[in-house]
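Q: Could you build the full structure based on these sequences and the hints that come with them?
The sequence shown begins at 1 in the numbering used here and counts up by one.
Hints in this document: simulated from the structure, not taken from any laboratory. Any given hint might turn out to be false.
[To be verified] Listed below are the simulated DSSO-like cross-link pairs for lysine-lysine, each with C-alpha atoms no more than 27 Å apart in a straight line:
1. Lys11 <-> Lys61
2. Lys75 <-> Lys61
3. Lys61 <-> Lys17
4. Lys11 <-> Lys75
5. Lys8 <-> Lys44
[To be verified] Per label pair, the in silico range of CB-to-CB distance:
6. Glu16 <-> Glu48: 17 to 23 Å
7. Ala60 <-> Lys17: 20 to 26 Å
8. Thr23 <-> Glu48: 18 to 24 Å
9. Ser29 <-> Val90: 30 to 36 Å
10. Tyr42 <-> Asp21: 16 to 22 Å
Glycine included, C-beta positions come from ideal geometry on N, C-alpha and C.
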Amino acid sequence: AVLGNDIKPSKTDIFEKEGSDITMSYIYSSSTTDTLYWYRQYGKSKPEFLVFTYSSAQDAKQSGVDPRFTVKVEKMDQIHVYLEISSAAVSDSALYYCALQPTVTGNTSALYKNLSL
Numbered sequence: 001a002v003l004g005n006d007i008k009p010s011k012t013d014i015f016e017k018e019g020s021d022i023t024m025s026y027i028y029s030s031s032t033t034d035t036l037y038w039y040r041q042y043g044k045s046k047p048e049f050l051v052f053t054y055s056s057a058q059d060a061k062q063s064g065v066d067p068r069f070t071v072k073v074e075k076m077d078q079i080h081v082y083l084e085i086s087s088a089a090v091s092d093s094a095l096y097y098c099a100l101q102p103t104v105t106g107n108t109s110a111l112y113k114n115l116s117l
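A: Written out as structure tokens, the structure is:
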């Protein structure tokens, strides 16, 4: 765990129509620059790494796993980390989460519990 940092989703459930553009966001507060990792998990399968970015990033970054997935960072009073999915498909219905470490911690309080199309 990273001490002194706090990351949480702005919403835990998203319901959209197939073909919609979807944005998920986490609010992150820290005094340091960290690497932020987005993952996707289907059912009981292992989490799949999607894309990473730095909390200091200026530009959006496209996922190498799927070019429809883009991550970007916006700094306000806190840091907002967005995962955007363009033209969402039913196959995108999964559990998504953002982590401060490239590991799976089992912290279920910081998850998008539902993305349903």
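Q: List in ascending order the numbers of the hints, as given earlier, that are violated by the structure.
A: none
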